[in-house]
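**Q** Got chain A; can you put chain B on it based on the hints?
Protein chains: 2
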Amino acid sequence: MINKLTLIGVGLIGGSFALALREAGLVREIVGVGRSAENLSAALGMYVIDVSVTDPAQAVQGADLVLLAVPVGQMGESMAAIAPHLGAHTVVTDVGSTKQDVVTLARQYLGAHLSRFVPGHPIAGAEKSGVKAARGELFRERNVVLTPLAETDAAAVELVTRLWQGCGAKVSQMDPADHDAVFAAVSHLPHVLAFALVDYIARQANAEQLFGFAASGFRDFTRIAGSSPEIWRDICLANRDTMLSQLVAYESELAKIKTLIERGDGAALAELFGRARDARQKYLKNP
Amino acid sequence: MINKLTLIGVGLIGGSFALALREAGLVREIVGVGRSAENLSAALGMYVIDVSVTDPAQAVQGADLVLLAVPVGQMGESMAAIAPHLGAHTVVTDVGSTKQDVVTLARQYLGAHLSRFVPGHPIAGAEKSGVKAARGELFRERNVVLTPLAETDAAAVELVTRLWQGCGAKVSQMDPADHDAVFAAVSHLPHVLAFALVDYIARQANAEQLFGFAASGFRDFTRIAGSSPEIWRDICLANRDTMLSQLVAYESELAKIKTLIERGDGAALAELFGRARDARQKYLKNP
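Line by line, the protein sequences give chains A and B.
Residue numbering for the first sequence follows the working numbering, beginning at 472 and increasing consecutively.
Residue numbering for the second sequence follows the working numbering, beginning at 472 and increasing consecutively.
Simulated from the structure, these hints should not be mistaken for lab results.
All values derive from a computational prediction rather than experimental measurement.
Check each hint, because a few of them may be wrong.
Copies of the same chain look alike in the list, so a pair counts if it works inside one copy or between any two.
With a Cα cut of at most 20 Å, we get these calculated EDC-like pairs of lysine to aspartate or glutamate [as the list claims (entries may be wrong)]:
(1) K753 x E701
(2) K603 x E629
(3) K753 x E679
(4) K641 x E494
(5) K727 x D712
(6) K603 x E494
(7) K641 x E679
(8) K599 x E733
(9) K599 x D691
(10) K475 x E629
(11) K599 x E701
(12) K727 x E548
(13) K475 x E500
(14) K599 x E722
(15) K727 x E701
(16) K599 x D749
Pulled out of the complex, with its shape left as it was, chain A reads as follows (with noise of 0.2 Å):
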């Protein structure tokens, strides 16, 4: 049980994360802190947090957990707003897509806080947005990784795992490049793949009569390019290293399939396309 939880962004994770503490009775008051007041009220008519503050120095005052739950691109400068104001018992955490560049952040903005932050990513929902779509079960057996450094607090990490568990979430650790290259592997890429896929089509002087033919299996395979193109806009450049590589070994995968299809070679094909589908089977549950 903690007695104060700070929000630093009241979304979707931020929201579903106070309402799963809140529904399991590990937190006493929620405080949020955004930047629309639509949505903050929304948060307090839902009941996920408390109070509302707009000033970030004063929202982390006596808080045990600060979670930072914004997009990446505006986590330096909501680091550097609560930095000097936090107390030296407050744990703070962070729920962004990438690792490498919030650690680099937190390096240059917590200074001395550096030991009590535990970076963290919750794996859960990405393509709805807004605290009207937050819920208590968002994180119900879905995986957390967190990436705590060399200077990290045990007892920090320790605060942070119990409560990301109490959310009904597996908890994991792993190093920050190595989290940055598997999210980049599994999410990140077929994230730029399908965006790719759409706006390749949508470009066609006959977009209206493909689009009118594509049947199920083009729309799941296009679900995630519904998602917010300003945070994957900054997830790419945040990762952007490690996408790049990515897609130049997507690319050569690609290239060997088209030497197949140029060659008729139906054998190799099959091949491939027989060990994708059995690698899916084997490790991948349809839900």
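**A** For chain B alone, coordinates are given in the frame of chain A:
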């Protein structure tokens, strides 16, 4: 109403066509030809077919309509087996996912019967297979594209159109080359992209870790990589030239995005991702 329907290939598509026509009261007798005794016996048990016959020559005797519902790779062989035995009034149609190659085979094997052949492609259910997955509603509200030739009898096109409409499908017509270009873009290309991503990840040393952190976006994106390797090998080879030009065009879209990430051009990235998201929202309904 037709008197006799002959299915060459009694799987998901052929079986569902039979069930739909039967439910609509549009056919009197259904004869099935297949390679697997077990599958034919299931088809008889499900009342998909009334009679199973092993000899195609015998099966097509007196048929009003012959549906070629075999993989594209067996199409030529099936045409050759039935051609000498077709009655003058019998109409032949197929369900192949590619049309230029089927038309070439029809010119080669159907001879004098070419004018009674109506090339067709129902856009439905590629992930499951076998007659046990067949259901009469499969084609309801789905697109069926017919690609008649200059030589095709208008009455034959009319019959095939009415029967698909009787299954609840929306029937349209296209030139075979246009058909293959449209489906290369919205179906064949995304299948190859999904197979490529899963194969790429499966080949990594930490594949198990990577799949372990894949979330719902990845699962949706790669759902079509669960499709039949043999069917998609056949489609890639049957539609080779169009597939290759689609892959080249997609590669240049990816190269463009790579350059934007390299340059750190956030504005252009957000614009491209936003254009994709908007196009998706405009054209596709999420079921």
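**Q** Against this structure, judge whether each hint is valid.
**A** Evaluated hints:
1. K753 x E701: Close across copies (19 Å), not inside one copy (34 Å); limit 20 Å.
2. K603 x E629: For K603 and E629, the Cα distance exceeds 20 Å both inside one copy (30 Å) and across copies (52 Å).
3. K753 x E679: Intra 37 Å, inter 10 Å, cutoff 20 Å: inter-copy only.
4. K641 x E494: Within. Shortest intra-copy distance 18 Å satisfies the 20 Å Cα cut-off; inter-copy 49 Å does not.
5. K727 x D712: between (23 Å within a copy, 16 Å between copies)
6. K603 x E494: within (17 Å within a copy, 45 Å between copies)
7. K641 x E679: between (43 Å within a copy, 17 Å between copies)
8. K599 x E733: Result: close neither inside a copy nor across copies, 41 Å intra and 28 Å inter.
9. K599 x D691: both (16 Å within a copy, 16 Å between copies)
10. K475 x E629: within (17 Å within a copy, 72 Å between copies)
11. K599 x E701: within (13 Å within a copy, 37 Å between copies)
12. K727 x E548: neither (44 Å within a copy, 31 Å between copies)
13. K475 x E500: So K475 and E500 pass the 20 Å test inside one copy only (5 Å; across, 74 Å).
14. K599 x E722: Classified as neither; 30 Å inside a copy, 29 Å across copies.
15. K727 x E701: Cα proximity of K727 and E701: across copies only (18 Å, versus 32 Å in one copy).
16. K599 x D749: Only across copies: K599 and D749 sit 15 Å apart there, 31 Å inside one copy, limit 20 Å.
In summary, the structure is inconsistent with hints 2, 8, 12 and 14 from the numbered list given earlier, while agreeing with the others.
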